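A.B. asks: Going line by line, the protein sequences match chains F and D.
Residue numbers for the first sequence follow my numbering, so the first one is 1 and each next one is one higher.
Residue numbers for the second sequence follow my numbering, so the first one is 1 and each next one is one higher.
Simulated from the structure, these hints should not be mistaken for laboratory data.
Possibly wrong hints are sitting among the right ones.
[What the hints assert, rightly or not] Covered stretches of chain F (in silico footprint by chain D; criterion: 3 or more residues with CB under 8 Å from a CB of chain D, positions within the stretch not fixed):
(1) 38-46
(2) 178-184
(3) 210-220
The structure displayed is predicted, hence computed values, not measured ones.
C-beta atoms are modelled at their ideal positions from N, C-alpha and C, and glycine is treated no differently.
Spelled out from the first residue to the last, the chains are:
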Amino acid sequence: MIDQQKRIALFVTCVIDQLMPEVGVDTVKVLRRAGYEVDFPAEQTCCGQPFFNSGFQDEARRLARRTIDILADQEIVVLPSGSCTTMIRQEYPHLLANEPKYYYRALRLAKKTFELSEFLMKEAHWGETAVSHQPAPQPNPITYHDSCHMCRLLGLKKEPRQALQAAGYAIQEMEESERCCGFGGLFSVRMPEVSNAMTAEKLRQAQATQTTTLVTADPGCLMQMRGLTDNQPPVEHIATMLERATR
Amino acid sequence: MSVQGSTFPQFRQSATIAIEDVRLQGALDRALSHFREARGGALAAVPAVEEMRDHLKLIRGQTIANLAHHLETFERNAQANGAHVHWARTAEEASQIIVDIARAHDVKLVAKSKSMMTDEIGLNQALAAAGIEPVETDLGEWIIQLSQEDPYHIIAPAVHKTKGQVIELFEHESGEGLAEADIPALTAVARRMLRTKFLAADMGVSGGNLAVAETGSVVLVTNEGNGRMVTTLPRVHVAVMGLEKIAPTWDEAAVWLSLLARSATGQTLSIYTTAISGPARPGDVDGPEEVHVVLVDNGRSQLLNTPYEEVLQCLRCGACLNVCPVYREAGGHAYGSPYTGPIGAVVSPLLFGLEKYEALPHASSLCGACKDVCPVRIDLPRMLLELRKDQVEQGLVGPEALAERAVATLMSNTSLWKLATGLARVGQRPFLQDNQLQLPINLTGDRRPPTLPDKSFRQMWADGEVESGD
Chain F
1 MIDQQKRIAL
11 FVTCVIDQLM
21 PEVGVDTVKV
31 LRRAGYEVDF
41 PAEQTCCGQP
51 FFNSGFQDEA
61 RRLARRTIDI
71 LADQEIVVLP
81 SGSCTTMIRQ
91 EYPHLLANEP
101 KYYYRALRLA
111 KKTFELSEFL
121 MKEAHWGETA
131 VSHQPAPQPN
141 PITYHDSCHM
151 CRLLGLKKEP
161 RQALQAAGYA
171 IQEMEESERC
181 CGFGGLFSVR
191 MPEVSNAMTA
201 EKLRQAQATQ
211 TTTLVTADPG
221 CLMQMRGLTD
231 NQPPVEHIAT
241 MLERATR
Chain D
1 MSVQGSTFPQ
11 FRQSATIAIE
21 DVRLQGALDR
31 ALSHFREARG
41 GALAAVPAVE
51 EMRDHLKLIR
61 GQTIANLAHH
71 LETFERNAQA
81 NGAHVHWART
91 AEEASQIIVD
101 IARAHDVKLV
111 AKSKSMMTDE
121 IGLNQALAAA
131 GIEPVETDLG
141 EWIIQLSQED
151 PYHIIAPAVH
161 KTKGQVIELF
171 EHESGEGLAE
181 ADIPALTAVA
191 RRMLRTKFLA
201 ADMGVSGGNL
211 AVAETGSVVL
221 VTNEGNGRMV
231 TTLPRVHVAV
241 MGLEKIAPTW
251 DEAAVWLSLL
261 ARSATGQTLS
271 IYTTAISGPA
281 RPGDVDGPEE
291 VHVVLVDNGR
301 SQLLNTPYEE
311 VLQCLRCGAC
321 LNVCPVYREA
331 GGHAYGSPYT
341 GPIGAVVSPL
351 LFGLEKYEAL
361 PHASSLCGAC
371 KDVCPVRIDL
381 PRMLLELRKD
391 QVEQGLVGPE
401 ALAERAVATL
411 MSNTSLWKLA
421 TGLARVGQRP
431 FLQDNQLQLP
441 INLTGDRRPP
451 TLPDKSFRQM
461 WADGEVESGD
C-alpha cells in the first residue's frame with residue numbers, strides 16, 4: 001500500500017522529455033523503488049530557463065507562471081536536473097518579484113521542489129532503499145561531473161555522490177570535477193568553438209581517471225558531453241546509474 | 001587601440017585562433033593554474049577569510065553608495081598635500097589632461113608603470129600623436145608594447161607570450177643576439193634598457209590601485225620596483241585611475257590590501273606597496289616636483305543606482321579570469337578590450353557600448369566560478385543575464401528573437417508543443433544518416449547534435465510504457 005503522503009510529481013524537463021526519454025523512465029523507476037507514487041502532470045513543457053538565460057525575460061516569465069499553475073498544488077516536485085531545479089527554486093521568485101499573485105506561489109513551489117539525488121538523500125532514505133535491493137559492488141569505479149548548477153548554485157556536491165555510493169558505485173574523482181562542461185544552454189550554439197573546447201577539456205579530465213562511466217545529474221551536460229565523446233567513456237545520467245544498480 | 005569591440009564573429013575568430021594554438025594553451029594553462037593554486041593557498045592561510053571578504057564587500061558597497069562625498073574628501077586632502085587633482089568625464093578628456101600636463105613641462109619621454117586605465121583611455125596613442133614617447137616599464141606591459149598587442153590578462157598582460165617570442169622582441173629592440181638567453185638574462189636586458197628610460201624620462205605616469213580619502217594618498221601595488229622609479233625619478237608624476245577605486249580611510253584600505261594581492265597572485269602583500277601623498281617636500285632627498293591625480297569617470301558614474309552598481313566594487317585582481325573556463329580557452333584577445341575575462345565581459349559593454357561588445361554578455365556559460373572567487377563576491381553571472389535582457393529590450397538581437405518567441409509560444413501550449421515536436425520527429429528524417437543528424441547549417445561545430453527518438457517521455461507515459469519500479 002502506498003502511503004498517501006508519498007506521492008511526488010515528476011517535472012521531467014523538456015530535454016529529457018524530447019531527447020532522452022529513457023532517463024525519465026529510469027527516474028520514475030528509482031522513485032518508485034524508493035516507495036513513491038509518481039505523477040506526471042501532462043501539461044508541463046519547459047521551465048523557461050533557455051529564454052531566461054538568453055535575456056527573453058517576458059517569455060521566461062510566461063513559462064514560469066504556467067509551470068507554477070501546473071505544479072503549485074503538488075505536494076512535492078522532483079526534477080532529474082540540477083539546472084531546471086535552480087530555475088524553479090531560485091529564479092522564479094526573482095522573475096516574479098513584482099507580481100504578488102505569483103511571487104508567493106513561486107516561493108512555496110521553491111520550498112517543495114527538489115533535484116533527484118537531493119530528494120533521494122534528504123527526503124527518501126535512498127540509502128535504505130538501495131541496501132534493500134542488495135546492489136552488487138561494482139568492480140570498476142565511475143567518475144562524477146559536478147554540473148555548475150548542482151555544485152555552485154544548489155550546493156549539492158555530497159548528495160549525488162552519496163546516492164551513487166549507496167547503490168554500490170565507487171567514485172574516482174577527476175581533476176576539476178566542478179569545472180563547466182561547456183554546455184551553458186544556447187552558449188553551446190552561439191559559441192560552438194569555445195563550448196566544444198571546454199567539453200574536450202572536461203572529457204580529457206574524465207578519461208584520465210580511466211573509469212568506466214562519466215556520470216552527471218544534468219541532462220544539458222549529458223547531451224553536450226555525449227555530442228563529443230564516442231562512448232569513451234560512456235556518459236550517463238545519475239538516474240540511469242541508480243536504476244541499473246538496484247534492479 | 002585597446003577598446004576595439006567584440007562582435008560575435010570577432011570573438012569567435014579570435015577564440016578559434018587561441019584554441020588552435022597548442023603552445024599558447026599550454027602557457028595559459030600553466031600560468032592560470034599557478035595563479036589559482038597560489039590564491040587558494042593564500043586565502044586558506046587567513047583566519048576567517050570568508051568574513052573578511054564579506055567585510056570588504058560591505059566596505060566597497062558602502063563607499064560606492066556615498067562616492068561623491070569620499071571623492072570630495074580625497075580631493076581636499078590631496079590638494080592640501082600639494083597634489084593637483086583633475087576630473088575627466090571621458091577617455092578623451094583624461095588623455096587630453098595628461099597630454100596638456102606633459103606639454104606644459106616640455107616633456108619628450110614618459111615612463112609608465114602598469115595601468116589598466118591608460119589602456120582604457122588610449123593614453124599611449126594620445127601621447128604619441130602629440131610627439132611624446134611613452135615607454136612601458138612593467139616587464140609584461142613592455143613586452144606587449146614591443147609586440148603592439150593589448151594586455152591579455154588584467155594582472156599578467158603578457159601571460160600568453162612564450163620565452164621564444166620574448167627573445168625575438170628583445171633581440172629586435174636591443175640589437176643583441178639573445179638566442180641562448182634564459183629568463184634571468186632576458187630580465188637583465190629589460191632592466192638595463194629600461195634603466196636608461198627612467199633616468200631620461202621627464203614625466204612618470206602610473207595607475208592607482210586605490211586612493212585613500214582621509215590622507216589624499218594614491219596607493220600603488222607592484223612587484224618589480226618600476227612603480228617606485230616611475231613615481232620618484234621624473235620631475236612630474238601623474239597618477240590616473242578610475243574614480244570608483246577609493247577607500248575612505250586607511251582602516252578600509254588595509255582590508256582591501258589584505259585581499260588584493262592574495263586574490264591576484266597569492267602573495268600576502270605585493271613586493272611594493274607605495275603610498276603617494278603629494279610631491280617631494282623641502283628636505284626630501286627624492287620625489288617629483290609635481291604630482292597630478294587624474295580621476296576618470298568614463299561611464300562609471302552612470303552605473304550608480306542601476307543593477308550594475310555592484311561592478312564598481314571590483315578591485316581588478318584578475319581572480320575571475322583564472323577560473324573562467326571560457327577565458328581559459330578563448331584567451332584574452334577575443335574580448336577586444338583592456339578588461340578581459342568575466343569582469344571584462346561585464347564592464348566592457350557597460351563602459352564602451354553594448355552594441356560594440358555584443359558578444360561579451362554571451363561569452364559565458366554562466367558557470368558561476370567567477371562569483372565564487374571574487375574577493376567581493378560580485379555577481380557577474382547575474383549581470384551578464386541583465387546585459388542579455390538589455391540587448392533584447394533594446395532590440396539588439398537579430399533574427400534569433402523571432403525564433404525564441406516562436407518556441408516560447410509553442411511551449412506555452414501543451415497541444416501546440418506536442419504537435420510541433422511530433423512534426424520535428426518527422427521533419428528530421430531526411431537529415432538522418434546512420435542515426436546522426438546532418439543539418440544543412442552547422443550550429444554545433446565538431447559536436448554531434450542530438451536527435452529526437454521515436455517517442456518522447458510524455459508519449460511513453462501516455463502509452464503506458466513507463467513500467468512500475470519492481
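A.B. asks: Enumerate the violated hints, using their earlier numbering and listing them in ascending order.
C.D. replies: Hint 3 alone not satisfied by this model.
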